[in-house]
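In order, the protein sequence lines correspond to chains E and G.
Okay, so the first sequence: first residue is 1 according to the working numbering, each after it adds one.
Okay, so the second sequence: first residue is 1 according to the working numbering, each after it adds one.
By construction, these hints were calculated from the structure, which means they are not laboratory data.
Values in this document were obtained by computation on a predicted structure and should not be read as measured data.
Some hints could be false.
Quick list of simulated restraints, FRET-style, between CB atoms [what the hints assert, rightly or not]:
| id | chain 1 | residue 1 | chain 2 | residue 2 | range |
| --- | --- | --- | --- | --- | --- |
| 1 | G | ILE49 | E | SER39 | 57 to 65 Å |
| 2 | E | PRO157 | G | LEU51 | 47 to 55 Å |
| 3 | G | GLU16 | E | ASP23 | 19 to 27 Å |
| 4 | G | LYS34 | E | LYS145 | 17 to 25 Å |
| 5 | E | ASP4 | G | GLY63 | 48 to 56 Å |
Computed list of lysine-lysine pairs in DSS-like fashion (alpha-carbon distance at most 25 Å, straight line) [what the hints assert, rightly or not]:
| id | chain 1 | residue 1 | chain 2 | residue 2 |
| --- | --- | --- | --- | --- |
| 6 | G | LYS27 | E | LYS38 |
| 7 | G | LYS42 | G | LYS25 |
| 8 | E | LYS123 | G | LYS25 |
All C-beta atoms, glycine included, are put in the ideal place defined by N, C-alpha and C.
Below are the chains, spelled out letter by letter.
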Amino acid sequence: MAEDILIKGLKKGQEEAFSRLLDTYGNKVLQTAFFYLKSRELAQDICQEVLLTVFKEIKNFKGESSLYTWIYRITVNKCYDFSKQKKNQHEILIDMETVAEKDLGQPTDEQVLKKLEQESIRKALQKLDFTYREVIFLFYYQRLKIEEMAEILNCQPGTVKSRLSRGRERLKQILVEEVL
Amino acid sequence: MAERLEQNKNLDELIEDCLIADFSKIKLSESEIKQIKSKLPKKWWQKTIELSKSKALTAGVMGAIIYGYVLAQFVWVSPQDLEANKLNDFYIEQKIGEQVVRISLNSSGGK
């Protein structure tokens, strides 16, 4: 319902609706673009481009998918286009250690353990093929459904399911073999 | 951790925690939000207002110049004109009997 109101507002060209779009999807789009491009600056450019495209092209949105899925598809496509331009599509690797915030103060034992766990997962994720890492990011972080991911990635839901399952298995394997 | 990995559910939690820790920090700043908003295409009436504003400003300046020029034509009297028209010759005329007495108010004295 809230999405319908947002779409109507955007179709009318209301600035207020654009502000709501920014509030709701701005950070998600930025984070997704950052995942693909691994640069905060580039991610911000893509984020701006995506949101303005949504505002301009909303008249062509027929509601066949959710607005959420549509925005993600635009984001992912723009990131792929950008990567193709830069010819570094297969070089996308996220060095999350540069992003990870340094905690200040004395951490508790539990915090140290959690940090170690996260570090292991981070390392294992970096070793994972991009195809698997992509579905893992969209599923676990962006909490997208299999059908939505299939629409965004332009493939069958079965393909997404198998990539997710294989990715999870591969991640587990890496954790057991190399990290632990 | 090895124990936790025995169950896929725990692996799911670990992945989620890790991704949240890494990506939730990446947010748009206020200035970035403002910048994006400023790039919004303007509506026709906003463009018209902007155009009208600049047109109104130009028209206002032109009007002020013309008004000032016209006004100056009425108010401004050159010293030559003053001399020619003897506008500086102020006097009072008074009829006393058959005679007209003119009392000049200039420094040169009355006649």
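CA of LYS123 of chain E to CA of LYS25 of chain G, is that 25 Å or under? holds, 19 Å
Look at the Cβ atoms of ILE49 of chain G and SER39 of chain E and judge whether their distance stays inside 57 to 65 Å. Given a distance of about 38 Å, which is not inside 57 to 65 Å, the answer is violated.
Starting from the range 47 to 55 Å, see whether the pair PRO157 of chain E and LEU51 of chain G falls in it by beta-carbon distance. holds, 52 Å
Straight-line Cα separation of LYS42 of chain G and LYS25 of chain G no greater than 25 Å? Violated: LYS42 of chain G and LYS25 of chain G sit about 32 Å apart, past 25 Å.
Next pair to validate is LYS27 of chain G with LYS38 of chain E; report whether the Cα-Cα distance is within 25 Å. Holds. LYS27 of chain G to LYS38 of chain E sits at ~14 Å (cutoff 25 Å).
Go ahead and decide if the range 17 to 25 Å is satisfied by the Cβ distance of LYS34 of chain G to LYS145 of chain E. violated, 33 Å
Please test the hint of 19 to 27 Å on the beta carbon pair from GLU16 of chain G and ASP23 of chain E. About 23 Å separates the Cβ atoms of GLU16 of chain G and ASP23 of chain E, which means 19 to 27 Å holds.
Can the suggested window of 48 to 56 Å be confirmed for the beta-carbon pair ASP4 of chain E and GLY63 of chain G? holds, 50 Å
The structure does not agree with the numbered hints 1, 4, 7 stated previously, though it agrees with the rest.
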